[in-house]
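Visitor: Below are the chains, spelled out letter by letter.
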Amino acid sequence: MGKIQNQIFSSYQRNPILYDEIFDKQGTIKEVYSRLFELYGGHTIKEYVKLNEKAKSSFFNQGITFQVYNEKETMEKIFPFDLFPRIIDQEEWDIIERGAVQRSRALNLFLWDIYHDKKIIKQGIVPLELISSSENYLDQMVGLDPPGGIYNHISGTDIIKHNDGKYYVLEDNIRCPSGVSYVICNRTALKRALFGVFNHYKTHAVTNYAENLLDLLETVKPQGVDLPNVVVLTPGMYNSAFYEHSYLAKTMGVELVEGRDLFVENDFVYMRTIRGPEKVDIIYRRVDDGFIDPLEFRADSALGVPGLFAAYKKGNVTLANAPGTGVADDKAIYTYMPEIIKYYLDEEPILNNVHTYHCSRPDELQYVLEHIPELVIKPVDEAGGYGISIGNRLSKSEIEEVKSQLKSSPRKYVAQPIMSLSVHPTYIDETESFEQRHVDLRTFTVLGQDRDFVLKGGLTRVALKRGNLIVNSSQGGGSKDTWVLKK
Amino acid sequence: MLARVANNLFWMGRYIERSEHVARYLNVNYFSSLDAPHQLSQSRQFVLRSMLYMVGLSDGDESEELDEAKVLYKIGMDPQSEFSILNNVKYARENANSARDLISTELYEAINKFYHFVFNYDSNIYMKNGLHDFTTNITEMSAILRGKMRGTLLHDEIYAIIMMGVNIERATQITRIINAKHHDALKAQGSYGDKFSNSYEWTTLLKCAESYDMMRRFYKKTPNSISTLEFLILNPNCPRSVMNSLNQVYKHIRLLDPSKRYNKNSTAFLVGRVRAEYQYKYIREIEEDIQYFIKSILDSLSEISEKMENEFFNY
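So the sequence lines, in the order shown, correspond to chains P and C. Counting from 1, position 285 in the first sequence corresponds to residue 285 in this note's numbering; the numbering is continuous, with no gaps. Counting from 1, position 69 in the second sequence corresponds to residue 556 in this note's numbering; the numbering is continuous, with no gaps.
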């Protein structure tokens, strides 16, 4: 454990086993952080506590909150925000950006293939049962050509830095990835609290996301439309990501609609305005596949639009992301990403994949059963960090429980070596000091017909509980502003 | 603009305006009663009954003793009572939430601050000694909201719909306040020789509408029943008057429906008709039968509101 000489870092405990983002192995501050370290060191803890309170109230007043439900009442909470930013220099960012685009492009080609000729399966690179047994594979999408040939318009890629100092992708999210509005709010909050620090760094802006999103969505408009009418479809104001939906609609300058605002007539989609029906061409939908059209999918959905899928099938409306993308961000498909990238793009993967054991294969299942304490066991189709077992945290009886689950339904699980997420100094309220906390990074990639865009920043999520590796906000995670430096 | 969202914005305007009038009514009546010139209007029971009457609650049996804290709580901060200030602010924010992408960040943040202020206010403090602080803050915050509406929104149809809501509600609330104070003036009549037409309640009424000073400037006389009613109902230059509210409603419906075509089924036609009726009225005609006036203007306002719903919000 090394001690650091700097007023507000005076009690910072450095665990040498972990990869610290701002200190090297000897405990020396890394060059890119040195100026920031000095600037923050100029504050006393007392001042820092005040700044922290200010940042919190800024989130409340902006209404950037999510609802927490318990038996008694609903409460409004803010997504915890840490004032110490994460910095990514140009060189590292370049790798991340190229890697994220590569994965998104490859996934898009993969989706096209599995809903058309299925070449990759015919050639034996990806096993058929991964697709045929997946709940997220939509038969309705077979043979359908989405406008512009794009399936995953918006991808969120979850990336970590392991203790070998290299970036690994943990997950691709290509259904309705969320979090981008927090990137922008975090920047706003940090600017309000500590504007001075920005003078010393040349940081890329993050506010250009919405304009790029709109531009790229317009490249995949339905045929025959000149000036497409874009809308954002939300499940409604009680959805936990409603703030984000309204933020995106506002900054793109388009309508935010709910299912009940739309209707379909003669396979065209219209919204009900104060002047009567108005045709809609592109829908950035934040409603899950199963809920978009009660006639085609879940009949009990009140969030969708009857007939929407029929209009989509006719090519009269663009849905972003396309229905059925979920099959490709499945954790089982993830393990084939290196092969998928190679097959479609003829390139080596730029970002590493974590090695994955498929419990569906008998030999790998055997290995997993024997090595549970060294592995993370993940259900294939759960989101939000639910159902994950971390091998070295389990008691003997829990291990036995996991084993029997694996044996009874091996297709449902994959296992990966326990990755050590890098740590970042994070201000902790209870101890009023900085402590090491694990972080990851979610990047946001937008694909258009012949252009793509990666937001230069992304959401750094922090696991606020000491030693916790799960960073999801539903599991008590917070976030940091993320600076990508200009050259 | 989406019909559903237009409806929400209309009601956002109404709820913001409503919470302000209720807050002001509590404030002015409570504090002016403390040193009112005669016994009845100085009595706490009289004031509490007047408050209940204004928000449309039964003011109860005269013989029944009202509990001050309970009445204040019910009108101000009771989450169980539909019309409490707390609920008005909650509804205003809920409506703003669903239209968050259409209104400016500045307006939304101000509404949100307003909401957090009201919801974090300690109701025990409010009942004990916070009435002045609580209601004054509400009046001031809603003034800020009006400023943000005017100063940060595009003056297009979205703005017009909000302003329709604000002004229909203002005319409604001013009428309710006139009704309540008229009722008080009748009750206070005769106690210690106080004449109805010169009642102290007219001063209170003007203060409830934040129009006392300007009324004095305009008439240069102590307010009486005729001059007060004329100022608050018919004077188009008094910003809180029914007439001015109707003019505003007319102006904004014209923004929404600029057609010159004669369409007697439109909201614009109805608004024009109601406005024209009061534009050419003598105050004596109104004062002769104030109950008739109150009933017919409230009916007309709700008819306008319903018509808007059918024409613009029906989805």
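Just so you know, the hints here were simulated from the structure itself, not pulled from any lab data. Fair warning: there could be bad hints in the mix.
Derived DSS-like pairs: lysine-lysine, alpha-carbon spacing no greater than 25 angstroms straight-line [unchecked claim]: (1) 738/C to 77/P; (2) 561/C to 54/P; (3) 313/P to 279/P; (4) 191/P to 635/C; (5) 250/P to 635/C; (6) 674/C to 56/P; (7) 600/C to 250/P; (8) 250/P to 577/C; (9) 600/C to 56/P; (10) 50/P to 600/C; (11) 56/P to 635/C; (12) 54/P to 635/C; (13) 600/C to 191/P.
Here are a few chain C residues that sit away from chain P, every Cβ distance over 12 angstroms (derived from the structure) [to be verified]: (14) 495; (15) 543; (16) 581.
Cβ atoms here follow ideal geometry from the backbone N, Cα and C, with glycine treated the same way.
Visitor: All hints are to be evaluated individually against the structure, with a verdict given for each.
Guide: Hints versus structure:
The straight-line distance between the Cα atoms of residue 738/C and residue 77/P is roughly 41 angstroms, outside the 25 angstroms bound, and the hint therefore fails. Straight-line distance between C-alpha atoms of residue 561/C and residue 54/P comes to about 34 angstroms, which puts the hinted pair past the 25 angstroms bound. Pair hint residue 313/P plus residue 279/P holds up; C-alpha atoms about 17 angstroms apart against a cutoff of 25 angstroms. Between residue 191/P and residue 635/C, the direct Cα distance comes to roughly 23 angstroms. Compliance with the 25 angstroms bound is thereby established for this hinted pair.
Our distance criterion of 25 angstroms between C-alpha atoms is met by residue 250/P and residue 635/C, whose separation comes to about 17 angstroms. Under the criterion of a C-alpha separation no larger than 25 angstroms, the hint pairing residue 674/C with residue 56/P is inconsistent with the structure, at around 52 angstroms. A hinted pair counts as satisfied when its Cα atoms are at most 25 angstroms apart, and residue 600/C with residue 250/P qualifies at roughly 20 angstroms. Using a Cα cut-off of 25 angstroms, the hinted pair residue 250/P and residue 577/C holds, with the two alpha carbons roughly 22 angstroms apart.
Using a Cα cut-off of 25 angstroms, the hinted pair residue 600/C and residue 56/P holds, with the two alpha carbons roughly 13 angstroms apart. Annotation: proposed proximity of residue 50/P to residue 600/C holds, straight-line Cα distance about 20 angstroms (limit 25 angstroms). The straight-line distance between the Cα atoms of residue 56/P and residue 635/C is roughly 23 angstroms, inside the 25 angstroms bound, and the hint therefore holds. Annotation: proposed proximity of residue 54/P to residue 635/C holds, straight-line Cα distance about 23 angstroms (limit 25 angstroms).
Taking the CA atoms of residue 600/C and residue 191/P, the gap is near 20 angstroms; set against the 25 angstroms cutoff, the hint holds. Annotated as non-interface, residue 495/C brings its C-beta within 12 angstroms of a C-beta of chain P; the closest such distance is 10 angstroms. No Cβ of chain P comes within 12 angstroms of the Cβ of residue 543/C; the nearest lies about 28 angstroms off, and the non-interface call holds. For residue 581/C, the requirement that its beta carbon stay farther than 12 angstroms from each beta carbon of chain P is not met, with the minimum near 8 angstroms.
The structure shown violates the earlier hints numbered 1, 2, 6, 14 and 16.
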